[in-house]
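Same order as they appear, the protein sequences are chains A and B. The opening position of the first sequence corresponds to residue 0 in numbering that gives the first Met the number 0, with each subsequent residue numbered one higher. The opening position of the second sequence corresponds to residue 0 in numbering that gives the first Met the number 0, with each subsequent residue numbered one higher.
Take these hints with a grain of salt, some might be off.
[As the list claims (entries may be wrong)] Listed next, with one range per pair, are the computed distances between beta-carbon atoms:
#1 B:Asp-145 - A:Glu-185: 38 to 48 Å
#2 B:Asp-323 - A:Pro-275: 49 to 59 Å
#3 A:Asn-30 - B:Ile-326: 52 to 62 Å
[As the list claims (entries may be wrong)] BS3-like, lysine-lysine: derived pairs with alpha carbons at most 25 Å apart:
#4 A:Lys-346 - B:Lys-230
#5 A:Lys-38 - B:Lys-374
#6 A:Lys-131 - B:Lys-72
#7 A:Lys-202 - B:Lys-72
#8 A:Lys-215 - B:Lys-230
#9 B:Lys-376 - A:Lys-208
#10 B:Lys-374 - A:Lys-207
#11 A:Lys-178 - B:Lys-72
#12 B:Lys-78 - A:Lys-178
#13 A:Lys-342 - B:Lys-230
#14 A:Lys-332 - B:Lys-230
#15 B:Lys-395 - A:Lys-131
#16 B:Lys-72 - A:Lys-174
#17 B:Lys-319 - B:Lys-72
#18 B:Lys-53 - B:Lys-395
#19 A:Lys-202 - B:Lys-87
#20 B:Lys-376 - A:Lys-207
No lab work stands behind these hints, which were simulated from the structure alone. Think of the CB as a built atom: it goes at the ideal place given N, C-alpha and C, for glycine as much as any other residue.
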Amino acid sequence: MSNLGDPQWDELLKNFEKGIQIAIDRLEQRNVENIPGAKEALLNRLNNLKRFFPRNEGELFIRTIDNTIQNTFFPNTRDFSEAFEKILQNRTHEQDFIINELVSGFVTSKSKALVAGTTVPIIDRMVEAFSKSIDFQIVDHQFYAMFGDPNKPRKYVKNHLDEIVNLFGMVSREKRVEKDVRRSEEKIYTYYTFPDKILEILKRNYLKKNEETGYKYISEDFDRNVFISLFLANLAVNRDNQKIGGSYTINGICAIFSLILLLALMPAIDIKDDNPLRDNRNFNPNNMKVIPKSWMMKNILEPIFEPLIKIISYRLGGSLWLSEIIDSEVNKKIHNQIRFLIKDVNKWVLGNLCRVEIPIFIEISNIFVEITPERE
Amino acid sequence: MVRELWTDILPRYLTFISHITPILKETLTIIRELDKRELLNLEKIEEIREEEEKRNIRTVRRLTEFLAMFRSKVYSVIKEFILLNRNKYPLQENESVERYELYKKNLNEYEFHKEDMEEFESQKKTSRKKTNLKNFIIEYLSEVIDALEIMSDITNADQSNYKKSYLYLLVKLIEGKIFPRGGNLHEIYNQLIKNSAEFYECQRHILQPHTYYREDIDNSDFFVLPGMTPKVYQIINNITSLFNLDPSFGKFPERPGYEIPMIIKDDVFMPYIDSIANEEEEGLEAICERIGLRIIDGIFISPKEEFVDILIDNYFLTEKSQPDGIIRLLPKFSNETLVLYYLAFASFRRGFLSKEFVNWISMNFGFLIYNSILKWKLSEENIFYDIFRDLQTNEKILPYLMKLICFPKYLGLDRMKIRDSPQYRKEIFNFLGSQIDNLEDLMNEIVNYLKKLNDS
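So here's chain B without its partners, still in its complex pose:
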């Protein structure tokens, strides 16, 4: 039986972080203690790495291998950096490491008042110019250690005071913008609409798992909710356009005296030749359910009663009295009208999402959190950045972070659906390559939030 308790997952998440942090700290100490001339000797650096390698005796082979790989990457980055820059930054005898350390100390103690920020930035720039190679490496290593410390303190084992943990705060921040919770669909939908001007592309992105080809449109288990495939997205666009162009109107079954817009089912599928949209056509009822629509008399597509109220509330339906006294509800849909209902529906039924969908959403959250912490702590030119963006590092941390995110107090998804196989690697590859600009905007917002949080 797979162990999936908080107390099982958290140590797994922390394992690699707690092993790579000491490696970086050891390296930092070694670099600090090295004579500046020794630092320029690449053979010496290699010797140190080999010595360090010998010192570690671990019982778990997989861990030992990973740590050896990690250490060798750290050292090779340092060596490459020295090789590139040793002529550019010659040794400056009049500048001591201690002086730089003092600067670093001041930096930590510095109070970030707005009026002082400019002065501080200029101080930092000047100090950096004075530094030598060694200090660059020390600074970069310190940044990485800071980031790892935040990652290891992201939450705590007993979840006491969890509402103040980074994990909780960040999940809630992202959740509020792209996958909000709420007591009913109306509430969730309104929350999504509120954030759609800024983050619609993100909202749409988390609805579209890149492993859509494994999804069943019409799952035999009615409750299982798949992500939105590109074809379903296109069908949603067709439906939106047909409602806006020239809909028919029919009696509103639940409300006498009202007419609701309807479009003909076959019009939606007319452009699809051969058997290209057969699956979608057969599963139309399920698709309609997910976008707040229903099929009337077997041929018309029309909004469901509960969706009508949401549509009226957001001006997507407007009332128009007819000469015969009947009130006609005219559709004025936007691109996001039906797409956001799908997302609201998924958020409301988050316990029943398909495996692909759960992996995709939690991976988005995991990446946003992981990358935001790195972006917050690491300067852009940090030479170790790539190690943390490397798949081999990501795959050790992200799957467990994804599981932590799924716990009920956080995102509340079915964590048992998070894959535990080498296939991860490929899923993560998919994810990394599919980044969109809007995710970057969201990440910047998270970084700003973290900065403010740290200042307060």
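Just chain A, with the same shape it has in the complex:
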């Protein structure tokens, strides 16, 4: 998607510049860092972001959002299976934490949640149900047995099942049996499974075969994040028609992606040899970097976050998504809570903010370093 001459895009870039400048001005007034040089490093980085990101029609934004974030969590394609496979390929132990938060994190500020309440445990049950069947399918009565509540009519479960099928982009199929085992009568079973291409991917990735014995089984890697990836892929390919979710989902996803972008762009700070952090067993210097914490202050983050979320929304879903990022107090509050999410890769260790160097962060930061001469 080229943005040459797109006045809306230009305006978004200008707003980003303005937002960064406000954050710089506010940052200069206070210092909450406990590591010498951290504030200065952040100031330098913010100045560089202001300078380099809007250049060449926001080339850096386009590269970081399209080539990394979208590619990893929200592929830009109309093909459900392609999107799903891309998300699966990018799964790592730590990136799974992000995938988890994408489904559960943003809904906490939403009264009518899409994936909330009992749905998350239901994903766990789905994992268990499907992992027992090497065909990746379950029959409806199996589903009723698993999710049915004796105090509620079956219709309730059925509606819930339809919702889940819609959420994960699954399909239902019917199978006619001439004589069923119990009554020897004709019976139609409805079973739930995945679209054919998704089935191929699942079988390729999770159906294991013991070479020695020919025994087939579903690997333990088939977990809840496979379903969450499916949800993301379904949402990604249906981004234009808002089949799933709505304003809250769009705001939540864009806000978490903005957080990922911001985190990846934070400068790493050197810590002295006598810093107690080095002796802390929860700090792993091989895969963790200390970053400034001031950006997390509400008054600094607010002016950057809103334009950034808008930029991301425009890249992901064009004007349709952008129109959902309304400058309302409610949305500001939702955006405000995002700063405390993905704590497994944006950890606090002895009062220091530590970024776990997962592939998505490294990729984004590489793009930034490649384009900008580091003068910090």
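With chain A fixed as given, assemble chain B onto it according to the hints.
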């Protein structure tokens, strides 16, 4: 009145194990005695199963049904295995079952010296290659029988010498890492911190029952302690971040000359719109109590006096003298600082945990023990593995194992809160699907411990 004595629960736990073990042993004998050519005849196998079915006359219908189901699963796994492999492993006349049996015998008598391990593994590999279909099945069945024997010997009826039982040793091993006991909160907290580098994800996992939606944040019974809901976890993260970012400081009520960090209560709830965190906001005092904090002057959140000592001890608070001579306690919290206090608090008050929480913790312990024994005894490619991972088998063994674990000498939880209803099935489903990688790491550690225990 529900009978919940040790002497009531143990026989229930043993019932299914003691009935399925003979089925497997009978099957093993039948397979051993079968002519190799007969083994390839699937109709013959089915015939044998039907004959075996007739022989069993049980009085309890539920048990008979389960055993019929179990036997039919065992036979169908065998048939499927034969069907898959009969062309791959043709009959080898020059190799006798006896020879394989001899190998098995040697295997049992073999002394596991480190230097011999490699040689042993290569011997095992070579022997396996030579085996035929029948020997594969015999080996798999023997592994399963071994595992079941360990499970039935996990403890004893009169609990004599219970400190040497598998149940006690395994519960204590897991307990020490993720839910330790101690004389006071400080001791428990330090023990948790010690293991947090390796098992923090497990520690956090057992704090978060997946049936959290049934929990009351602020229970009318003050003593009842619920698990940590996702929203409470998020609020804890907010509090941790706010303390680390820019806290206020106020007088330490109990210690003149000291200032403690404080954050404004409303800042924690600011991001929540509508009535989304009303329950948590109203129950804030109870939540704070569980994470070692308190509310001062109705607007500030600050650490409790007893928590301050724990925080200082673990470098989460550091002292800094002010020009006016007042010592300020600067917060340097980690992700686990408040979460582990919640867990330590739950461990200390383990007799008062909510129903969901008790079920969740004991299920985690039960699963770790059950799965570790299977992992220890069964080879990865064992064709019967799935039967033991099947919910229908799990639900016959796990609920009683969970209750045994809850007895005072072991985990010391309220076993009366373990559910005795078909709802189990659903809870277990929740649990199975929510496995995390770190639990797998803990399981590997348990397996290694069992191996060492067996060797010594």
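Against the structure, the hints:
{"no.": "1", "hint": "B:Asp-145 - A:Glu-185: 38 to 48 Å", "result": "holds (46 Å)"}
{"no.": "2", "hint": "B:Asp-323 - A:Pro-275: 49 to 59 Å", "result": "violated (26 Å)"}
{"no.": "3", "hint": "A:Asn-30 - B:Ile-326: 52 to 62 Å", "result": "violated (22 Å)"}
{"no.": "4", "hint": "A:Lys-346 - B:Lys-230", "result": "holds (18 Å)"}
{"no.": "5", "hint": "A:Lys-38 - B:Lys-374", "result": "violated (51 Å)"}
{"no.": "6", "hint": "A:Lys-131 - B:Lys-72", "result": "holds (14 Å)"}
{"no.": "7", "hint": "A:Lys-202 - B:Lys-72", "result": "holds (24 Å)"}
{"no.": "8", "hint": "A:Lys-215 - B:Lys-230", "result": "violated (40 Å)"}
{"no.": "9", "hint": "B:Lys-376 - A:Lys-208", "result": "holds (21 Å)"}
{"no.": "10", "hint": "B:Lys-374 - A:Lys-207", "result": "holds (18 Å)"}
{"no.": "11", "hint": "A:Lys-178 - B:Lys-72", "result": "holds (22 Å)"}
{"no.": "12", "hint": "B:Lys-78 - A:Lys-178", "result": "holds (24 Å)"}
{"no.": "13", "hint": "A:Lys-342 - B:Lys-230", "result": "holds (14 Å)"}
{"no.": "14", "hint": "A:Lys-332 - B:Lys-230", "result": "holds (16 Å)"}
{"no.": "15", "hint": "B:Lys-395 - A:Lys-131", "result": "holds (18 Å)"}
{"no.": "16", "hint": "B:Lys-72 - A:Lys-174", "result": "holds (24 Å)"}
{"no.": "17", "hint": "B:Lys-319 - B:Lys-72", "result": "violated (68 Å)"}
{"no.": "18", "hint": "B:Lys-53 - B:Lys-395", "result": "holds (23 Å)"}
{"no.": "19", "hint": "A:Lys-202 - B:Lys-87", "result": "holds (23 Å)"}
{"no.": "20", "hint": "B:Lys-376 - A:Lys-207", "result": "holds (21 Å)"}
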